[in-house]
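A.B. asks: Chain by chain, the residues:
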Amino acid sequence: MSDKKNIDRLFQEKFKDFEASPPEFVWENIREVLEDKKKKRVIPLWFRLGGVAAVIVIGLLLGNFYLNGWNGANQDPAVTTAPGATQGQQPLKVLPTDVDAHNNNTKGTNNTESVNSAVVVNGDGKGKAATNNGGATGAEPGSHQKVLQPSSTGANNAVVHSPKNTYNTEKGKKGVKQNSLLPPDNNAVVNTTTKNNKGVTQPDNAAANNALVNNSKGNRGNNTNTSASPNTGIAGNGSFVISKDNTNVKGSNAITNRNMQPANAVANNGNSASKNNSNKNGAVTTGVNGVADTGPQNGGNKANKSNSLTGSAVANTTTSSAGKNTGNTGKAQGGNVVPNGSNDTSANALAVQENKSADVKAPVIDTTTPITDKAIAETAIDTAAVAPENALEKLLREQQEGKKDEKDKAVADNSNKSKWNVKPQVAPVFYNSLSNGSPIDDQFASNAKSYGNDLSMGVGVNYAVTSKISIRSGVNTVNLNYATKGVEFYASLNNQTNNVAAKSANANIVVQDQGTTNNLEVFFADRLPTDTFNGSMIQKTGYVEVPVEMSYALLDKKFGIDIIGGVSTLFLSQNNVSVVSTQGYSTNVGKAQNLNNIHFSTNVGVGFKYRFFKSFEANFEPMFKYQVNTFSRDAGNFKPYFIGLYSGISFSF
Amino acid sequence: MGLEQLIKECQQNSIKAQEQLYRLFAPKLFAVCLKYSRNRADAEDNMQDGFLLIFNKIGQYRFQGSFEGWAKRVMVNNVLQKYRTEGIFEIVTENLPEEADVEIEADDISMEYLMAIIQQLPDRYRMVFNLYAIDGYSHKEIAEMLGITEGTSKSNLARARIILKEKIDTRQGNTIPTAK
Numbered sequence: 001m002s003d004k005k006n007i008d009r010l011f012q013e014k015f016k017d018f019e020a021s022p023p024e025f026v027w028e029n030i031r032e033v034l035e036d037k038k039k040k041r042v043i044p045l046w047f048r049l050g051g052v053a054a055v056i057v058i059g060l061l062l063g064n065f066y067l068n069g070w071n072g073a074n075q076d077p078a079v080t081t082a083p084g085a086t087q088g089q090q091p092l093k094v095l096p097t098d099v100d101a102h103n104n105n106t107k108g109t110n111n112t113e114s115v116n117s118a119v120v121v122n123g124d125g126k127g128k129a130a131t132n133n134g135g136a137t138g139a140e141p142g143s144h145q146k147v148l149q150p151s152s153t154g155a156n157n158a159v160v161h162s163p164k165n166t167y168n169t170e171k172g173k174k175g176v177k178q179n180s181l182l183p184p185d186n187n188a189v190v191n192t193t194t195k196n197n198k199g200v201t202q203p204d205n206a207a208a209n210n211a212l213v214n215n216s217k218g219n220r221g222n223n224t225n226t227s228a229s230p231n232t233g234i235a236g237n238g239s240f241v242i243s244k245d246n247t248n249v250k251g252s253n254a255i256t257n258r259n260m261q262p263a264n265a266v267a268n269n270g271n272s273a274s275k276n277n278s279n280k281n282g283a284v285t286t287g288v289n290g291v292a293d294t295g296p297q298n299g300g301n302k303a304n305k306s307n308s309l310t311g312s313a314v315a316n317t318t319t320s321s322a323g324k325n326t327g328n329t330g331k332a333q334g335g336n337v338v339p340n341g342s343n344d345t346s347a348n349a350l351a352v353q354e355n356k357s358a359d360v361k362a363p364v365i366d367t368t369t370p371i372t373d374k375a376i377a378e379t380a381i382d383t384a385a386v387a388p389e390n391a392l393e394k395l396l397r398e399q400q401e402g403k404k405d406e407k408d409k410a411v412a413d414n415s416n417k418s419k420w421n422v423k424p425q426v427a428p429v430f431y432n433s434l435s436n437g438s439p440i441d442d443q444f445a446s447n448a449k450s451y452g453n454d455l456s457m458g459v460g461v462n463y464a465v466t467s468k469i470s471i472r473s474g475v476n477t478v479n480l481n482y483a484t485k486g487v488e489f490y491a492s493l494n495n496q497t498n499n500v501a502a503k504s505a506n507a508n509i510v511v512q513d514q515g516t517t518n519n520l521e522v523f524f525a526d527r528l529p530t531d532t533f534n535g536s537m538i539q540k541t542g543y544v545e546v547p548v549e550m551s552y553a554l555l556d557k558k559f560g561i562d563i564i565g566g567v568s569t570l571f572l573s574q575n576n577v578s579v580v581s582t583q584g585y586s587t588n589v590g591k592a593q594n595l596n597n598i599h600f601s602t603n604v605g606v607g608f609k610y611r612f613f614k615s616f617e618a619n620f621e622p623m624f625k626y627q628v629n630t631f632s633r634d635a636g637n638f639k640p641y642f643i644g645l646y647s648g649i650s651f652s653f
Numbered sequence: 001m002g003l004e005q006l007i008k009e010c011q012q013n014s015i016k017a018q019e020q021l022y023r024l025f026a027p028k029l030f031a032v033c034l035k036y037s038r039n040r041a042d043a044e045d046n047m048q049d050g051f052l053l054i055f056n057k058i059g060q061y062r063f064q065g066s067f068e069g070w071a072k073r074v075m076v077n078n079v080l081q082k083y084r085t086e087g088i089f090e091i092v093t094e095n096l097p098e099e100a101d102v103e104i105e106a107d108d109i110s111m112e113y114l115m116a117i118i119q120q121l122p123d124r125y126r127m128v129f130n131l132y133a134i135d136g137y138s139h140k141e142i143a144e145m146l147g148i149t150e151g152t153s154k155s156n157l158a159r160a161r162i163i164l165k166e167k168i169d170t171r172q173g174n175t176i177p178t179a180k
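Quick mapping for you: the protein sequence lines, in order, are chains C and Y. If you're matching positions, the first sequence starts at 1 in the numbering used here and goes up one per residue. If you're matching positions, the second sequence starts at 1 in the numbering used here and goes up one per residue.
Check before you lean on any hint, since a few could be wrong.
Cross-link-like lysine-lysine pairs, in silico, DSBU-like; alpha carbons within 30 Å at most [to be verified]:
1) C:Lys16 to Y:Lys140
2) Y:Lys28 to C:Lys14
3) C:Lys37 to Y:Lys57
4) Y:Lys16 to C:Lys503
5) Y:Lys8 to C:Lys14
6) C:Lys37 to Y:Lys72
7) Y:Lys154 to C:Lys37
8) C:Lys16 to Y:Lys57
9) Y:Lys154 to C:Lys14
10) C:Lys16 to Y:Lys8
11) C:Lys419 to C:Lys468
12) C:Lys16 to Y:Lys28
13) C:Lys37 to Y:Lys8
14) C:Lys14 to Y:Lys72
15) Y:Lys82 to C:Lys14
16) C:Lys14 to Y:Lys167
17) C:Lys485 to Y:Lys82
18) C:Lys16 to Y:Lys154
19) C:Lys16 to Y:Lys82
FYI, nobody ran anything at the bench for these hints, they're computed from the structure. Just so you know, these numbers come straight off a predicted model, no measurement behind them.
So that you can see chain Y by itself, here it is in the shape it has in the complex (with noise of 0.2 Å):
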């Protein structure tokens, strides 16, 4: 069955469908899940939400564009919507840190690593940086969505870019022995 008809059972609330849609989607969402959670007790919190989303809007689909990118902004959307109501994204800093040094030289992180200090972020940072850096979405697009400033956007992901570095920085040099 072709994604195209698997989508369209979907949307005619067939749970046979619905799984079969959920186990081709699952991995890549619930990666989307871990890096914008704090945890991952939290991704899976919204991995299942997420999924009810996008079952539930799925009529909304309209076939144009791929689902893959459509499912993946509604989980973003999910999560995005989840920390809004929880108030992170009220807090404002406008002040924009000098740009820092975030060069960083090793290659051989590990993903978990890499992965836990993303959770770790702050969650506007969190935020920020994944839907910039790793999600490529543009200040603008980002401010629309978090309901902030440009200029917030920008002093919040370069806070985060240098948190990251200083976490990436310690390991290397204390923990890590591994080759530079």
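For reference, chain C alone in the conformation it holds in the complex (with noise of 0.2 Å):
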């Protein structure tokens, strides 16, 4: 036990005091947890309701580039994952940090290898990349086929990492170049299929692939396929591919970052003929990157030259060399973006700097090969591609980051997201005529009136046309009451109040104006004129409003202010006409007559509101709503209207 001893203490002593200093960006991410967490405690639901919102925003976007992507590509998605990669080869873990077992390939047999442990998938679902691989090298055709059908639904990308790239050139004898592009870091893919050379392409670059990744933790596989087949077109994606007439070459890549996120994949080729021009693609799924492939074809082309840009992005043109290719152009595209996994911002700034990179390539190439408008479409296509992942990823870090500020996020979201809401509202309102007459009688119509103050309740519901144009209606109920004031009445059997019907089982109040007192019917009649009692006539009216209004949003913000105009249909539901005595006697007298069943308003109005939760706003809207055709006859000029001063919550979604 004494031996143990020897080892056991050398590492106590040696670790004894051993201190190691951690990198910034630890405690940069622990702070950031941290102070998400103070967040959340002061107010958590706006960070988690926040966190949702953008996530919907982020899920949306992601939608939006995959289908654009998927638009992009032909319809056809070049799609690889990481985990079906996985599944099938083990290297895919290691690739990042063991470069040099994948580059033991040699020759031929290494893109396939390559690619296999890379994640990537080759190969047409017509399995042609099978054919090439064979051919070339001799790789595995097995194992490359089973990756790519589960990932690949018919497309395939291929990636590979390789420091340098390697070239075929034509009838595959000859050229081969092999620049050494970029930066260890980078990847490099290239392909290259001439005609001539079914199984040439290639070999060389085996050797080229790897090399790679060491950089940054995030990017940890990254892969390059080139496969070359003339007309079959095999490598990369196989939908894409596809002209016949062409050769054409076609590489894809995926590449896949430990962590996810959204990553772009370019693929490219260069063809001679018009019609491969349209390929790309790339989708990606979990990791990213972008890769590009050219392949030169007919006729003399010879070099292509494949860059990769530092982190995972690579873009390759291909171009003819000079004077040989007359038919033939090559094109480059570049495709890229690659996010890390370490959340590193650095990532990013790899990712701009890959778009450039490519880009610049890109005008290059297109000047070295006069390509027909296609060649120009796919660029931009490609640079199209980029940035809307570039907008991802921002949205992405800065969700993870914790940056943004969340309410405003919400905020936006729900401007942009709630088409609909819905309102419970209360209101006071204020009834009132602009002129003096009276709807019972013009004998009234000099008589003091006095509005009575009553409520309206209902529901409003609003749809967000635009952002700023939103049309309402809801159901209302208003109850509209006012006295006239001045008035005498007295109960009869003969006479009746005009265009008041009685209740039939009572007498007839006859309600007039004071002083009008008929001489004549008091001789004749039933009653004393001690029987006549002064008071003052009361007139109430319940209407179901079914506003139709249209707002215009002067401000937008958490606070924000509406301008509203429309109409209401308003539906008589309640109708009464009454007494009371200046001695308290109250009675009813009966319905007026002269109440359409149907009348309507004119409603202008300002809205205000505050956003005081996510989903949910306070209103607060002064209406004036003038009535109109409200009385059959007699109106007497009364003229009313009514101000409502609506309040309530409403509800986004």
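Now that you have both chains on their own, put them together as the hints suggest.
C.D. replies: See the structure below:
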């Protein structure tokens, strides 16, 4: 046992005072989490909802991106997923760290191998890839195919890392140029195929591939594939390629990072034929990466250059050798974008750089190859494809870093997204008339009126047509009443109040202006002057109001101001005329006969709202509603309107 | 500000205090992470998670015993927990190897090399060796922490020693012309 102590002691002594400084980003990460937590404590709901909103936005953006990618790729998605690859192949994980292992490949075989390990997939659904490999290198077709199929439907990506690129040239024989484009970090992908060579291409590449990944932790797997096959279009994306006439080669790459992040893959090829140009694609699932390939084709293209950018992105371009190609043109396209796993911003930086480089190269390529419009289109597409990614990454990063103000985000999201909102509302209603008429009888036109305040309640629905304009409707009940002062009334068997249908069960109550006592009637009829009461006449009406209004947002932030205009349809629901004597007696007179069952109002108002919670806002809307066509006859120049101070809480969804 | 005061402020979630505490203990605790992790990247991850755990649990620190010891335990437990969730401790290898000659001769082996070979040990061997040989836990404690038996712990320790010794020996024999 004493022996043991030696080794134990060795370690004990060595480690006793051992200290090591962690990289600064460790603290940064910790701090972010701590700060997030703190925020959470203060406004947990905001945080959570903001996160949800951000996720939704990102989801939408991702969706968009995929859709775009899809279209751009001519509907051939090249997708490879790390997961699939990993299952098939162990190397994935290893790749990043062990470059060497992969490198070992010698010659032709490598490509396929590298691919396998790398995740990516090559080969068309058609199995052409296999043929290439087999021919060229004798690599294991089986493994490829397996890999491919699971992940991609039809389309494949091949990705490989290679610090250097080697190229093939036509006919397989000759030209091989090796370009060591990139710094060690980069991955280069190259593919080239020429018609002549079927099996030839890529032998060298094997050596080239690898080396990369050392860099950032983020990128671990990179892959490049190259396969060339004439006509069949093997390598990358089978689906894309496909121009029969041309021999194209395509490479697509997929790269995966440890962290899942959006990535893009771009693939491309240069084809001599115009058809090919349209290929693109990259779809990427987890990882990332851009890759481009180029296939030179017919005639005499020789050199291809592929550039790999740092990180994972790679752009390849192929150009036809000068002079030789007439017919062929090579195109290059750069794809890029690679996020790195470790949330570092550096990843983004890389991506950006990559893009730049890609862009730069692209133009060059274009120039070298006089390509038809299509080429341009492709490049345009590529760049377009890149842009969305950046935005995505930004979003992702921002979310991760928690730097973005969650509130604003939530608010923004809300305003963008919530098309509908529902708002229970209550309003004190102030009834009034523009002129001093009386709807009951002209004789009361000059009487003083006192207008009662009442309540309106209801539910409003709001649909946002645009961010500024919305259409509103709803249902409200509204009760209105006013009193005509200075009237006298008495019970009568013969007479009745003008425009009022008396209740049949009772004696008629006749209401009239004070001082209009009909002496004749007094004399002949059934009452005594003492039976006349002074008092006031109260008319109550109730309506169910259905407004249809439009609002325009003058200000649409957390605090918003709207201008509102529209019309309401009011359905009569309550109709009552009663009298109250100065002594306090009151009795029902009947129903007004001149009220329309349906009438309208024109509405104007201003809405103030305050979003105090993601989907909830408090509203306060003073509305002026001028009633039209309220009375069927004898309105006595009564022009009623009412002002409602509508307030409520609206919920957006 | 004394350490105690600092810890109290950390308990109240003062970011400033937390940073100070981090700066104070990061070197030592990162060393722990390096020892217990598979590689530097893992160590960084563990460092981050471990420190978050420390700040999370700092309210439970009762000022009994050294804070450094407490923090180290939290850190180690965090790593163990992580590897445990990965299931590495479930394999049982009970057969105790022969006590081998684990004496080694050189003293001038670099820290980096020792760290590297420790990190290269299989997870459980690394845990057991660290816990027992370097940090002084007993086999019983280790067995509890890892959810294994004491026998397994001993067996793992012995294997770890053998592996380490082999690596040290080959290094001395093959690569290093340094004085023995």
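A.B. asks: Please list, smallest to largest, the hint numbers that this structure does not respect.
C.D. replies: As far as the earlier hints go, 4, 5, 7 and 17 are violated by this structure, in ascending order.
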